[in-house]
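Participant: Sequence:
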Amino acid sequence: MIENAPEFMNHLFLKKNKIAFRQYQHDIFEQCKNKNSLVVLPTGLGKTIIAILMISNSLKKYNGKAKTIILAPTRPLVSQHESSCKRFLKIDQEDICLLTGRVKPEQRILAFQKAKVIISTPQVIKNDLMRGRYGLESTALIIFDEAHRAKGNYSYTYISEQYIRTCSDPLILALTASPGKDEEKIQELCHNLYIENIAFKTYNDEDVKNHINDIETITETVELPLYYLEICEIWNHLFKKFLNFFIDRELINPFKKYYSKLDFLHICEDLSFALRYDGYTDNYLEDTESHDDVFHYFQKFIQKIRNNNLNIHSIFSYCSTCISILHAKELLETQDIELFKSFLNRIEYKAAQDNQSAKRISTSKHWNFMKSMLDDEEYSHLTHPKIDKLIEIIDEEQDLYKNRKLIVFTQYREMAELLKKELTLAFADLKINKFIGQASKHDDLGFSQDKQIELLDEFRNGNINILIATSVAEEGLDIPNVDAIIFYEPVPSEIRMIQRRGRTGRARTGRCYILITNSTSDVPFYKAACRKEKNMNIALQYPEDLIPANNFKRNKIDLSNSEKISSDYEILKNFRERRSKEKELLANKAIEEILEEIDNFAQSSKYQKLKECGVTFYHDLLNIDQKQLKSKILKIKGKTTSSQKNPRKRLSKKLKTLINITKIYCKNNRILSSKLKSLANDEDIADHVFHKYLNQACYLGYLKKDKNYIELVEE
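When the letters of the sequence shown are read in order and numbered with our numbering, they come out as residues 1 to 715.
Misleading hints may appear alongside valid ones.
Keeping only pairs whose Cα atoms sit at most 30 angstroms apart, straight-line, the calculated DSS-like set for lysine-lysine is [unchecked claim]:
1. Lys151 <-> Lys261
2. Lys663 <-> Lys704
3. Lys86 <-> Lys663
4. Lys667 <-> Lys656
Hints listed in this document are in silico derivations from the structure and should not be mistaken for laboratory results.
All chains should be built: construct the whole structure from the sequences, respecting the hints.
Facilitator: What follows is the structure, given as structure tokens:
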């Protein structure tokens, strides 16, 4: 601990007296400045400030010449990081650059070359790296925000791999509030981001307590009314009818207290895997013991299907039926009857399209009886008791705490719209809006990222009192001064639970309300999230057990080449030629990766064992080499010949007409330019657009200018 600690953190590349000194942030920075680090901090403890300190240190280390890249999964988060950098870093505004897919590739190349701090979504950087538009050799630091996403094929994994491979002095800072539910998930994250060090703090740590406010978690339990229970009972009977299909065929445990959609998804996965169990060389089946266990399990699974003479297509179809019924059950019990009715309408529509799974539900006696109940006037005005409880909580927040600023989280967009209507009716004096993601459906347009940023600004500025948000508002967004949040339903994910809860308690003591419907899926979901969070915290207490044996040899980055900055003109001039080579570059990368996989597999004990058992491999028979692969992959990627300079595009009507006129009237593949212009006039191609279409035809390789003549290029 620093004695007589300063009031502010000041540094060569930090604006003076902008960042208040916090001991735990200083300690984490010192711990992370020379090692690839995972920083796990609850929301509101200032992960962004640690990132700013790391950027400042990186700029100092390389005299402001090396680059820093900040990656965040959404554009609102990217925009937020841009604001933080401009607020705290003492560098020219032009040196801070925001890259998104909306920026043209040639402009991204130019911006990347000139900027010191690049802020982007990961997919943009990945795409540019794959196409060779720029490299990471001169990048002294990469910050991965919301680092828990670094799994599977997510772009973070690719970027970190390229960075470690190409940079002589790589430094990674991974930031998250929730790295994973257990030791295995956290280890996967550490492996994918080449982590050497973990810094972990909780709200209970002594050096943190003085900088946070308590968050009181309040569970509010509601009971379903009688009319609701009657509909639920009919729906449960329908589910049991189809559940018996699986019990009778010994495909599911008949003694389970609770069945979820996952049970039937697992049956589908097991069945799919069992049908191809002879290809059991997946990564997670590394050791012989695992191979034998899995091989035996799937042999038994296939044998069970054969012995009972089961129709495989029927099993998949019945799984789909049960998943639909359980989803509708969840909507009815935990959301609102309006969402349930809406889902039933979708089932009816699918049944009309001859979907067998939907027809199985809609032609049952239970369906007809339940539909007649829903049409009855007694059931027409039913609402879920959670809605009344939500209104009661908001009333209490206003009366007891004088609080008029809240976030309500809900799982479904349709529920967000319904809650917006209900709360607008209940609180005419409050401004209420929803906050949803970008994806659009046929009946539900998403919010663009510009719209999301605009709504967040309105909420920060007090122009919106209550924000009804789906999962898009859970990750990392800076929404200050929210004293209460309400979960319309619990979520079974510890990551989402932590992120939702972290939206409150930043400025003052916060309250987190969780609405739970008794005797429904809400109960196990809440318990699951609590259990996962507890397991995560236990795993993080022993970071030495989580970190892979990474031992990097670092050498200072040679920045001599990066100082030779090309002019804007040179970059734009060369870009067209660069684009023509990108497909070949991608193909070559794919070839290298495939050959490497084949080589690695051919040298493995797994390969030798299977060869000894008499297995013949396809690539052994074909003797696949680099030339064959290159030819095939170039063909797949749409590049038929390496000499093709101008790939021919879809032509406009007038452009086709001009080319056809040339074909018809040319002699020895030549026609006078003046004659072609006159003929084009006869076909309604006016003088003022003639040269436009002529230039397009020449650029695309159909025609060629030769003094006063136009030549037809032979195909």
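Participant: Next step is simple, just say for each hint if it's right about the structure.
Facilitator: Quick rundown of the hints versus the structure:
1. Lys151 <-> Lys261: holds (23 angstroms)
2. Lys663 <-> Lys704: holds (13 angstroms)
3. Lys86 <-> Lys663: Status violated; Cα separation ~59 angstroms.
4. Lys667 <-> Lys656: Holds, because 19 angstroms separates the two Cα atoms, which is no more than 30 angstroms.
Hint 3 alone, counting from the list given before, is not met by this structure.
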